[in-house]
Structure formats: C-alpha cells, structure tokens
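Asker: I would like the entire structure built from these sequences, with the hints used as guidance.
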Amino acid sequence: MNILVLLKMVPDVIEELEVAPDGKALDTEFLRLIINERDAHALEEALLLKEKHGGQVTVLALDAPEVDDTLFTALAKGADRAVKITALEPGLTTRATASRLAQVLPTVPNLCPADLILTGCQAIDDLDGMLAPLLACELDRPYLGLVSRVEADPAAQKATVLKEYPGGVHGEFEVPTPAVLGIQAAEKPPRYIPVAKVRAVMKSQTIESVPVPPTADAGPPAVEVLQLAKPEATTHAEMLEGSPEEVAAKLGEILAARGVL
Amino acid sequence: MAGNIWVLADHWRGQLSEITYELLVLGRELAAEAGGSLQAILLGHNVKDLAAGLGAADSVLCVDLPELAEPSADVYGQVLAQLFQAKQPQTLLVPLTNALWEVVGVLPAQLQIPFVNFCLDAKMVAGQIRARCLLYGGKMEATVTAPGPVLLGILSGARLADQGRAEKAPAVEEVAVTPPGSSRVRFKQYIEAEAGDVDITQQEVLVSVGRGIQTQDNIALAQELADAFGGAVSGSRPVIDQGWLPLSRQVGKSGASVKPKLYLACGISGAPEHVEGMRNAALIVAVNTDPQAPIFNVAHYGVVADIFEVLPVLTEEIRRRQASRAA
Amino acid sequence: MPPDTPTREVFAQFGLGWEVTFYFLALLAILVFCWGIYGHVRKYRRGRPADRFDRLGWRILHAAQLVARNAPILRNDLYAGLGHLAIMWGFIVLFVGTAILTIDYDLVRPINPDWRFWKGEFYLWYSLALDLFGAVLLVGLVMMVIRRGFFKLPQLDYGRADANAQVYDRARYLWDDWLFLGLLFFATVTGFLIEGWRIAQHWPAYEQAWSPIGWMTATGLSWLGLTASGAGASFFYVWWVHAFLALGLVAYIPYSKAFHLVIDFANLVFHNEDVARRLVAPPVGARSVGYERLQDFTWKELLDLDACTRCGRCHAACPAQTSDMPFSPRDLILDLREYADAMTIRAPARLDRQRVKEDGRKVLLGTRLAALDGLRLAGGLIRSESLWSCSTCSACMDVCPVGVEHIPLIVQLRRALVERGEVDPRLQEALGYLGRYGNSFGQSERKRAVWTQGLGFRTKDARKEPVNWLWYLGEYACYHPALQGITRSLAHILHGAEVDYGILYEAERNSGNDVRRVGEEGLFELLRDKNTQTLEKVCFNSLFTTDPHVYNTLKNEYPGLNHDHHGVYHYTELLADLLASGRLRPARRLPYRVTYHDPCYLGRYNGVYDPPRAVLRALGVELKEMPRSRRTSLCCGGGGGRIWMQEIGEVHSRPSESRVREAADLPGVEMLVVACPKDYVMFTDALKTTGLEGRLAVKELTELVQEAMGLPERSEAHEQVQAQR
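Quick note, the sequences are listed as chains P, G and L, same order. Counted from 1, the first sequence has number 140 at position 140 by our numbering; the numbering is strictly sequential. Counted from 1, the second sequence has number 217 at position 217 by our numbering; the numbering is strictly sequential. Counted from 1, the third sequence has number 686 at position 686 by our numbering; the numbering is strictly sequential.
Source of the hints: derived by calculation from the structure; they are not laboratory data. These numbers come from a predicted model, not from an experiment. What you were told as hints is all true, and nothing was included just to trick you.
With a Cα cut of at most 25 Å, we get these calculated DSS-like pairs of lysine-lysine:
| hint | chain 1 | residue 1 | chain 2 | residue 2 |
| --- | --- | --- | --- | --- |
| 1 | P | Lys250 | G | Lys259 |
| 2 | L | Lys624 | L | Lys688 |
| 3 | L | Lys530 | P | Lys203 |
| 4 | L | Lys447 | P | Lys230 |
| 5 | P | Lys24 | G | Lys139 |
| 6 | G | Lys188 | P | Lys158 |
| 7 | G | Lys87 | G | Lys123 |
| 8 | G | Lys123 | G | Lys139 |
| 9 | G | Lys48 | G | Lys188 |
| 10 | P | Lys230 | G | Lys123 |
| 11 | P | Lys24 | G | Lys123 |
Footprint (simulated), chain P over chain L, 3 or more residues, beta carbon under 8 Å:
| hint | region |
| --- | --- |
| 12 | 409-421 |
| 13 | 425-431 |
| 14 | 438-445 |
| 15 | 517-531 |
Partial chain P-side listing against chain G, Cβ under 8 Å, derived:
| hint | residue |
| --- | --- |
| 16 | Gly167 |
| 17 | Gly168 |
| 18 | Val225 |
| 19 | Leu226 |
| 20 | Ala229 |
| 21 | Pro244 |
| 22 | Val260 |
Ideal placement from N, C-alpha and C gives every residue a C-beta, glycine not left out.
Answerer: Dropping the structure here:
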C-alpha cells in the first residue's frame, strides 16, 4: 500500500523562543525548527504499515530551514521517497498550507495515489486550523484524528483505526481508504536511526524539489495576530525555598493546615 | 441571527462534559458584548434529556438523528453547515475535546469561516472577536482577531464550569435538517481501558510524575511518597508513552481529568494537554528544576529543586506527621 | 660407554616392536596436535587484518618477561599466581628436558652414537633439575587441586548471570577443567613412579643425590613391598601408562583449555594496552558499522577468544556481574569462542546448549550449525541486555592475565545494535538530544554557560580571546543541577589562584566518549568533528576538563590534542600542580577522615591515581584507602553510556550501592571523595537508596579544596545565583 506522510517543521520549544520586534511573530534569528513530534509518530506508523503490507512510503514537507535533515532522516528510517515543496510564500498558516498542498499534490510527478495520508493530529503552531482535517476536506477524503493505531486491510480497501478518548478508552473505527489520518501516537515510539545511516543516505539519495504553482485564490479571511508574547502568568505559585528538609517541613505545615494530612 | 453566540455542546457516552459548561460561561460574556443571545447546539441521537443541562444558554438548538449517534466529521459537519447557513450566528464556540476532534477539524472548511485554535479567552472588541491563544506548547500567547463569523476552538479551563450550570430548563428548539448521508468513517465500538488498576479520579492525593522522573525505577520514589499519603501515582503523557505507568494513570488529554485534594506534580513541565486534566485539583504543588516551567503558573505552591532530592525527604516528613497524628 | 657412567636407557630394552609402537603413537599424537593447531590457525587467517606488528621485538620481550614472572596472575591472586608459576616453570623444565632427550636420542644418536651428551655430569644435573622442577610442578598442581576443590570460588563454577539460571548451563566445562588438571597431575605422578621403579631395580648410588624425589619414591615403593625383580618385571607397564598420559596430553592440547600453553604468549605479544581508551573506527567502506558476523572479527579478536583460560577473573571483577546484571565478560568470550569454533573448525558448540523446560526435561538447543548460521551475534547469540549491561569500566581487561580485549568487542557488538536502531528508549532519547543539542539533557546549547551567572567575575570566552588554560567542562558539570554549584566552586578556586582560563560557552558539545562506547560511532564522529572545528579556532596552551570520560576521549581519541602542545589534563592534575607550586594555599587543614574513589576513566584508563591523592594530602585530610582502590577500583556503574540507560533486569545491589557500603565500612571514614561528575550523581543517589545518608557524605574533591581555601560555601554561591534569577 502507498502511504504519503506529511512532515512539518515547527519551532523547537526547547530553545528559548523570542518575539520579533514587530511583536507579532517569532524572532527567526534564534529560531530553530524541528519536526512536529506527532508527525514523527505518523512516519513511524507508516513505516510499521509498510513493514507489514509492503508498498511505498513517501514523505513530503514544505520547504523550511533544516527540513532537508528531517527528510533525509525519514529516508534513512525507511521512507522510499522524499519530496520538498518549494517556492512558497513565507509564513504560510496551517489553513493556507492545506489548500496549497491540495493544489500541489497532483503536480508532484509520479506520486502514486496514496491509500493513506498520515500526518500528526496537530502541531504546536496550528493557530488557524489543523492540517489533516483541512486537507481531507480539500481532497474529499474521510478523516479521523487522535489515532494511535492503524490496521490496514489493503485488499478490502479499508483500515481499522483506534482513536484515543479520555480515561484510556479507545474508539475503534472502520475507515475506507484512501483516507487522511491524524496520528496521535504510533504503535511503537519512533525508531532511532544512527547518524552514520543518515549520512550515508545524504550521499546516496536525493530529495525531490517540486515548486508550488502560483495561486490567486485568497481563501477565507485570515486570522490576524495582533500580539505575540510570553504568557504573563495571571497566577504564580508561591515558591518554597531552602534545603530539601526545610522545603519538606514547610510543605508538611501547609498540607496539615489544608487538612490533606 | 447576527450577534448570536453558539456553543457546540460536547457530550460523550451520555454525559455533558465539564468543558461545555465552561464554554457556556464564556459564551454568555460574548453574547452580552455582542448584544445577541447564547444558543447551545446539541447534536446526537436520543440526547433530548441532555438539553436540560444547558440552561445557561438562552435556547438550545437540537438535532436528534440516528446518524448523529457518534460524532463524525462527515455527518456533524454537514448538519452544522446547514444550521449555520440557516441561522447565521456571529460566533461559534467549539470545545477542543477528543469526541469532537474531527468535527472541530473540518468545520473551518465546511463553514468557510476563520478558525482560531487553542483559545484560552475571548472578548468582543468593536464588534470583532479578539481571542487569546496558547501557542508553541504554552510557551507563547497570541492575541488574535478575525473578521466576520468566527469559529473558536476553546481549551479547557477558560472559565469555571460551575458558573455554567443553571437550574432553569432552556427553551429547546428541535431543528429539522436535510438528512445527512451516512458517515464514511464508521464507528464500531469502544475498547475500555484495562481494568483492575487504581482509579486515579477517585484518589484524594495524587503524586504525579513527568519526564523529569528519568527512569522507570525512579517511579518507586513517587510511589513511596504516595503510599505515605495513602494516595496513588499518576503521570503525564511522556511517562505513559514510555510504558513506565499504565495508560489508566494518565492525567490530561486522552487521560483522566482529576480533582484530588492534593496534586503533587513532580518533574512535570506543565504542557496545556496535561494542565487541562489537573487544574481543578484543590491544592497543586509543583516540584521542577526549571524555574520557568509553566506548571508554576498553575500550581499553588512551587519548589525549584531536583525531585530526587526532595521526594525522599518529603516522604520522611509525611510519614513522621502521619505517625504522630496516628499516635 | 663405561657401565658406571650415569645415564639411563630410554626404552629400557622393550624391544624394537614396542619402540616402533611408541614412535607411531608419538607421531600420531603430534599429528593430532598439529591438526588442532592448523584448525585454529586457519580460523585466524580468516580474520580481518589488525595492525599489531609494530615494535615486534619489544612486544616479544615484553610478553616474555610478563609470562616468565607470571606477573598478571600474581598481581591480584598470590595463591593462584604461585601455583601457576610452579606449574608453568615445572612444565617448561620438564618439556625442555624431554626436548633435550629427543635431541640426544633421536637426532644425535642416529648421526653418531659417540656424540651423545646425555650422560655423565650433564646427565646428573639434568636429572636433578628435572627431579626438582617435577616436584615444583607437583606442588603447583596440588595447590590448584585444593583451590579448585575446596575454595568454592564463584568465578570457577560457571554460574551464569547472563540468563536465567535454569536456561543456560555451562557446568560441563568443569569436567574439562578437571581433566586438564588431572592429566597434568597423573602424567607428573607417573613420571616420578617410573623413576622410582627404575631406581628400585638397581639403586645406583648417585641417584640418591641427583634424583632425590625419585630416590624417595623408590624408597617408598620398596617399603610398600616392591622388590628389585618385581620392579624390573612391572616397569614396562608403568612406563606405558606414563607414555600414554604424556602423549595424550600432547594430542589434547589444541582441543582444550590446555591450548593456552600455546596461544597465550602470542596473545600477550599482540595485545595493545590502549585498545579500550582509544577505540578503533570501523574500517572505511565496511559493510556494516558494527560486528554482525564472524567475518567481521580481526585475527587478533579471534586469537583473544582462544586465549581465554576461563580463569574467571573478569567474571569476578565485573561490576555488572557482581550486581546480578545479565552479563559476564567471561561468558561473552566463551559464547563467541564456541560460535567461532562451530562456524570454522566445526567443533561442537556448547552454545545455549541446554534448556531446562518447565516440566524439568532438558532439551538441546542451537547445537546444529544450521541454527548458528542464521544467528545474529548482537542481540541473538549475545543478548542485547547483556551488551547494554557493561559500563566499560575496563576492570575485566585490567585483570585479565592473558590480554583478552573485551571492551572493543563489546563496543563493536553494540555498534551493530545501534545500527539496527535497537536501543532502549531512554538511551534513544539521550542520543536524539545529543545529536540535536550536543548534550544529553535535552537543553538548549545557549544554556550551557548558565552556571557562570552570579560568579561575580567574568569568565573568558576562549573563542574570542587567547587563554592559557581552556576549561572543557563536560555536560554534567554544565547542566546537572546538583553539579552546577560545584562547577562554580572550581571557577572560584581557579579565579583565586589567578589561573588564566576560558570556556567555549555554547560551542562546547558533548565530547562523545560515552557516545562512542554506546556504539553510536557516527554521532561520535559528528560531535568530535564539530568540537575539533571549534578547538582549532581557539588559542590556548593546555586544556583541562572536569569529567574523566571527557578527559579520556580528548586525550586519546581527538586529533590535534595531547601532542607536543595542547596537553589534556584533568582538573585534579591542575589542582595538584597549583597546590604543589604554592599558587593555591589552603587556609586551614581539614580535620576529616576520607576515602577516595578512583574514577575508571581517570585511573584504570589513564593511570591518574596520584594527583587527586596529592590534593587530599595538601588539604590535610586523613586518607584511608578502600579495599578496592587504584587499579581495582569498583566502577560506579554509570560509565559507557549506562548513565543514560534504564536499569536492566532485577539488580540486587547496584555497583554504586556496593561502593558506598565499602566506603562506609571503613572505620571512622566520614566522606567518600570523588573526582568525576557522574560518580557524584551515582553515589549521592546510592547514599539515599542504601540509607547511609548521615553516616557518609559524598564530596567532590573541589568542595574540599574550596572549604580548605575558606572560600564562600557552595550553598551561598548557589543562593546568590538564585537571587539573581
């Protein structure tokens, strides 16, 4: 079965995030991008499906700093093909991304019609929409999100999919393929790929660049960011200081006073 | 009608969820600012009884059809689009819950209106929605606006749920819609969480561990403290993902929402997905090495320290106090 | 030949038939011996090349003196060392004696019987030497019989910790051990019996002085009732029993642990001391980064496998083994040897042979070659849990008397696991962080120098200005919350001593020592290359580091460091030097009684034992050594990347716990002083889990120096930083 995995680069929140001088966006000077964590799970799920059913896994991402590393890593992990969409206007929102992807996918040469399109169920910068459902609408495909397990039945053109609910409950759904799935967690944590393999792939394989065709479609009115700032805590914990023993004693007092003990 | 605020009610397995009440409180404020009325949208099958719980709204628009038994992107999307076309509300508030996940996801495309995700708060400014959203895992906060009718995806904790409960029964309007087709995605069944483990929602004290616990073995440290309290150990998503605690112990999105007397967050940074499951605890104490960790914005008391230094000492302290109390 | 010239008949007139029979049997034994040797040599020739022929003369002399003195055995076990020394020299002398006899009888005699020299005074000295060394041999053998039979040494019972006890069993090796000992013993005893039998026939007077043991044997035999004529009649049989035993021993050597007589000298000749501290990169163009199959082994590694005498010293010294982790360096070597033999010389493999089923029945597993062919080495033959148990402390290699090189092999096998992505989740997370942020803590590089805030003085940026000393901190000293205060203390000390130093700020990355030992060679190269690029741009004289692991790789595995310039030092070396030169003057003597833990990568790996002790002496503390100190120091269990991994199996007493107990058991000792950030983390943790808090304190050497200097207490400095936040 053929699986298309959409990977997205998002700001790495381990690094200190700074706001640009206009106060409306992230300062790109110190910004480092990293693959959206849920997308890494989507890739893993796709690779697991490929191991079970064969077929081809194509990874596709919009051009962004460090995206090549991410795509080569995906190839090293076992993806068959990596495509990078270039010539994009900068600062695309998630919603615009979905419509541009819907527009560009048919123009990617030799891209097999995918039985499944997998991507992370959400990203930390999804301000104006989530990619998977929006793309599903654009492509008129069935969609399910918060997916933690996919069991495909390629012959019957369907998949049995588990979705997460509160309290550890899972919902089981039958999804006809082709479909778009938003992955919450792969069946197994994303695999480790040694640096040497990624380096070897960088020498032996290439990333296909596909420019996006120009568009005149404005889409729905955009969400406008008035201000971006570090959250000002309206409340902050009362901090207890001192040695562990002192802290423990203070906490003991508080808990006793609150009747927890 | 222009100026009306809609709240899409979230219900799962026959019960309205807490966040629905929170949205009603927020919706009420917005309706007052917009000069419109607050309407709750209730979709489902055999859900008329639930309408009684939505008294905080001026009225309830209810569509009750067998096809709506389980939320699905296809069917809910179609029905909401019909309602939206017919009634033209000013703003639609939707809760970011697991049950409505797909519905929220496809609505911006179905309704062709702007969507604002991760909202913590919203108000009307000069007739336009202005919303506060948590981005980048809670590290940044954006103030945004959008013209025209807007769809707001609201995080849990935006308001206090209790203010959204009302005694009075609302006016319920059953709306007839063109029957939607059947959903392409077919619900089959629920698979329950593995039973037999501790029910963390019933505990008075939870010692909750996050990524900072580092190894599975260290969970024993938290367990000792929990034992001293007579409570249980719970965890955040990374700890569950590693398999160090069973799924039944997860607090937050896809896990449980807990309200213990004491919630002790050990090495938990406080991502929004976790916070939504524990913010209602009566007393929250957080221990983390990072003084900037967002958990300190939720906690009542905070300690910047290595959990491995604090936990054993605290365990001793609690044991001592419990022993002297027993004596 | 005059009848009274001292000598003896070689074949005692058994007749030509028996003599021919003997030569036939001897030839057979030698052929069997050679066939065995040929099998092994053929195996080694299949190994990949290894560059071990440099300084060949020195290598041979060095190995010869080690063997002659039995130094590596004596060093850690006096009893076994003396026993082995006795057996070895006894055996050598008897062997040389037999060789002399062969030369005289089989080479010289056929050319010209008059040239024979095995007579007269030469014969008497020969007889005396063989008699005495035979006795020495016998004493050694008896010592070993006693040791094996009564000492109940855990390293000799083949109990396997690398798997469930009921699954694996290597107890049959015990038979081979006893067989070897028994063959030697009875061959020696029958040798003396022949002599006794011979003397008891004629009682030549000179024998009393020149063959004292033989004379005593003869006296004993006659006391037991052996008459001269009886001796003459039965001599034939005794002689043949001895001959069979001796020839059997010859034939047996290449197929048993006795092979070490042949191979171990060679293994010591080709052994390199630095193989663990300076690991080799995978060969350029290798099919795989790690070892996946036998063809990946070098000839030296195949030689290593055969060199092992199963003495079990590594087994007893291994911290993983003593804490019941599923690993033993001895079993690693034996598993691989059996595999290698099964694959090359078709020797029967004992690999995982027995499996006791739940109902008690035993089934045989994996003995067929077909089963071995498809077996993975790493993660199959050698379980991955076993490979991950090793903390690369090098105790095994240090204690090995025959130069077996365990650690490079373990790393090669780990490389194969890493290449397949088979790493535990926590290690995976650490490696992911290391690749992305250059540290395993998953913190931003920009926070690497956070500890410098609040020092009260500027810390030079070595990237921007020349410095005398470059301080390469290592990530634990930078990021670990429990260590940042200590790092600040060291900064205060150096600042006070007016040491001109600078740091690399966010350009410093993990040095890669443990990354390499985990088997992530590509990531190691990435880190090393990035660090090297940074270092090349820095103007500095010498470099010192806080972390012994960092020290090891910078000193031994980085290009351009530790040559004529850019020396690499550990901070304890720098402090010792500052104290010795008077640039650091303790304000007061510390009234403590302490013990010191030698970090593996500082001590065993790089021989730095004395500078930390010199610092302690300069501070005036009383130093008590633990039973396991210096070369025999016990690893904390955190090395080789283990600090990034989950615990394996049911550990009963972690190495770190065993170590703090050892320190606490020293009378009056109140502090365990460490000189390694990882030790500090491991031992402070172990204090809590053992409940020894209050009885023993873990102190970084830096903390004591600071206290003696009268500098502000670490906690105060820490509070200052907290206040500034």
